[in-house]
Amino acid sequence: MEGRFPGRILPYALLFPSIAVIAVFLLVPAVEALRLSFFEVSPFTGRGTFVGLANFRELVRSDIYRGSLSVTLLFAVGVVALGLAGSLAVAVLASLRLPGFGVYRTVLLWPYALSPAVAGTIWALLFDPSTGPVTVLLRAVTGLSPNWMMNGTYALAVTVVAATWKMLGFNIVFFLAGLQAVPQELREAAQVDGAGAVRVFWRITFPILSPVTFFLFVMNSLYAFFEVFGLIDVMTQGGPGGATEILVYRLYQDAFIAARWGIASAQSILLFVMVGALTLLQFRLAGRRVVYA
Amino acid sequence: MLAAHVLLAAATLVIVFPMLYAVQVSTLEFQDVFVFPPKLLPGGAFADNLRRAWEKVHLGRLLANSAGIAVVVALGKICLSVMAAFAFTYFRDFPGKTLLFLAILATHMLPLPVRIVPTFQLMHDFGWVNSYQALTVPFFASATGTLLFRQFFLTIPPALSEAARVDGAGPLRFLVRILLPLSVNNLAALFLVEFLYMWNEYLWPLIVTTSDEMRVVQIGIKMLVATDAQAEWNLIMAGVVAAMVPPLVVLLALQRSFVGSISLGQEK
Chain A
1 MEGRFPGRIL PYALLFPSIA VIAVFLLVPA VEALRLSFFE VSPFTGRGTF VGLANFRELV
61 RSDIYRGSLS VTLLFAVGVV ALGLAGSLAV AVLASLRLPG FGVYRTVLLW PYALSPAVAG
121 TIWALLFDPS TGPVTVLLRA VTGLSPNWMM NGTYALAVTV VAATWKMLGF NIVFFLAGLQ
181 AVPQELREAA QVDGAGAVRV FWRITFPILS PVTFFLFVMN SLYAFFEVFG LIDVMTQGGP
241 GGATEILVYR LYQDAFIAAR WGIASAQSIL LFVMVGALTL LQFRLAGRRV VYA
Chain X
1 MLAAHVLLAA ATLVIVFPML YAVQVSTLEF QDVFVFPPKL LPGGAFADNL RRAWEKVHLG
61 RLLANSAGIA VVVALGKICL SVMAAFAFTY FRDFPGKTLL FLAILATHML PLPVRIVPTF
121 QLMHDFGWVN SYQALTVPFF ASATGTLLFR QFFLTIPPAL SEAARVDGAG PLRFLVRILL
181 PLSVNNLAAL FLVEFLYMWN EYLWPLIVTT SDEMRVVQIG IKMLVATDAQ AEWNLIMAGV
241 VAAMVPPLVV LLALQRSFVG SISLGQEK
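Those sequence lines, one after another, are chains A and X.
Under the numbering used here, the first residue of the first sequence carries the number 1, and numbering increases by one thereafter.
Under the numbering used here, the first residue of the second sequence carries the number 1, and numbering increases by one thereafter.
Just so you know, these hints were derived from the structure itself, not from any lab.
Please note that a few of the clues may not be correct.
Said to hold, decoys possible - Just the calculated beta-carbon pair ranges, DEER-fashion:
| # | chain 1 | residue 1 | chain 2 | residue 2 | range |
| --- | --- | --- | --- | --- | --- |
| 1 | X | V6 | A | Q180 | 51 to 57 Å |
| 2 | A | T45 | X | S131 | 22 to 28 Å |
| 3 | A | Q180 | X | A9 | 19 to 25 Å |
| 4 | X | L13 | A | A195 | 29 to 35 Å |
Just so it is clear, CB atoms sit at the ideal spot from N, CA and C, and this is done for glycine as well.
Excised from the complex, chain A in its bound form:
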C-alpha cells in the first residue's frame, strides 16, 4: 500500500463522470436495445407490441439479412487477411533500418489519419469507370474497362481495398513496434546455425510477433465490422443489389430509413454477440501475453 492515498469519497468522485457517462449513454441503452429486440415497434405511433423471439426468427430466415452477414464476413476476411499480410511485409522491410527510415515511418502512418469516408471517396476516384487511374491502367494493359460499381464482386473487392488501405498505417506502426522487440541476437544465432532469412522469419520473428498479430487481428476485425459505415455509404450505399451491404449498413437502413426499431434492435443484439466474442478472445489473450498502449 506504499504510495497510496487514503480517501473514502475522492476515488468515487473521480470515477463518477466516467461511470455516469457509461451508465447513461452505453449500459442503459444496451439493456434497452435488448428489451426492444423482443418488441415490434410501430413506425407511426412508436408503440411496441411484445413479440418474443419473432424478430430474431425473422432475421435468421431473411435472405437479405443472411446475405448481409455473408457480405460482412467476406469483407472482414478480406480486410484482415490483406491488411495483416500487406502491412507485415512492409513492416519487415521497414524494420531493416534502411537509410531514410524515419521518412518512411512518417509517411506510412498517414492513411491512419484519414476517415473511412475520405478513404472511400479517394478510392472511388481511383476506380472511376472512365477516368480512374486503376481503370485507365487496366484498359491500357488488358483492354478491359470494367464498371466496378455495377458488378457485385468487383464492388466488394474495391471496398475491401479501400478499407484495407486506410488501416495499413496503423498496422504497420504496431508491427514495427513488435519487430523492435525481437532480439537481434536470436536472429543472428539462428543465422549462424545456418537458417536462411525465410526460415528465421517463420521460426523466430513470426512467433515472437504473434501477440501483436493477434491484437491487430482483433482490431482489424472490429474495424471491418463496425467502423466502415462511412466508406460504404460514400462508395456504394450497400449496392449493387446488396453486394456490399455490411451488417451495420443493413441495421442503419432498418433503424433509420424504415424505422423498424424492434428488428433493428434485434440486429444490434446479434452484433453485440459478435463484438462480445471478439473482445473476450482479446482479453483472454491480452491477460497473458499481449500488452498494448
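Go by the hints and put chain X onto chain A.
The following block gives chain X in isolation, referenced to the frame of chain A:
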C-alpha cells in the same frame, strides 16, 4: 539491401499515391480530369475548386463543427480517463473498485451499432437531437484512455507519491503537479487517437444532426459526392483535401508520442 530499399520505396509509394492523386485532382479544372493521358502535374484551380466546394456545402461551418467536437471530445476523454485511472491506481482499495473497473472495460463491448436505436431515442428524450451535446457528451468515457493511463501510472515508482504524501501534498495536488507533467507523452498520444476518432466519426453525426449548420465535414464529403450525376472529382477532392489536412497536421505534430506510447506498451 538495395532490393529491400526499392521494395520499401515502392510499397510506400503505393500507400501514399492515393493521397497524392487526390491532391493532384483537386488542383485541376473540371475538363482536365477527363483527359487522356491523365495530367500528372498540378493545375492551378485548387483555390477555385475549394471555394466552390466551400459554398456548395458550407464547408467552413462543417470544418469548424468537426474541429470543435473533435477537440472537445478528445479533451473530455482525457480528463475523464485520467481521473478514473488515478482513482484506480493511487487509492487504497475501496468497495466496488473491481465492479467499476469492469464497467469501464465494458465500453469496449458496446460500440454504437449495438445500442444505436435506444441511444438515439435518448437524444430525442433529452431534446438533444441536432445539438452539440449529442455530438460530444455520449463519447466522453474512454476505456482505452483509462487503461492507457492506469498502465502508465503503474510504471511510476510508488516512492514518488509516498514522498508527496509525507510532504503533506493531497492526492489532487500530486496529480496536477507531479503526475500530469510526467504523462505528457501519453496525454499527447491519447489526444491524437481520440481527435482522429472523433474527426472521422460518420454514423452518429449522420443520424443525430438534421440541419446543414450542424453537419460535420465527413457528411459534407458525402454531400459533395452525392450532388451530381457526373462526379465533379476536382471539386470533391478539394473537399477531401480540406477534410484530411487537419487530422494530418495533428498526426504530424503528435505522432512521436503515439509511436512512443506503442513501443512503451510493447516492451512490458
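- Ascending list of hint numbers which this structure does not respect: As far as the earlier hints go, only 1 is violated by this structure.
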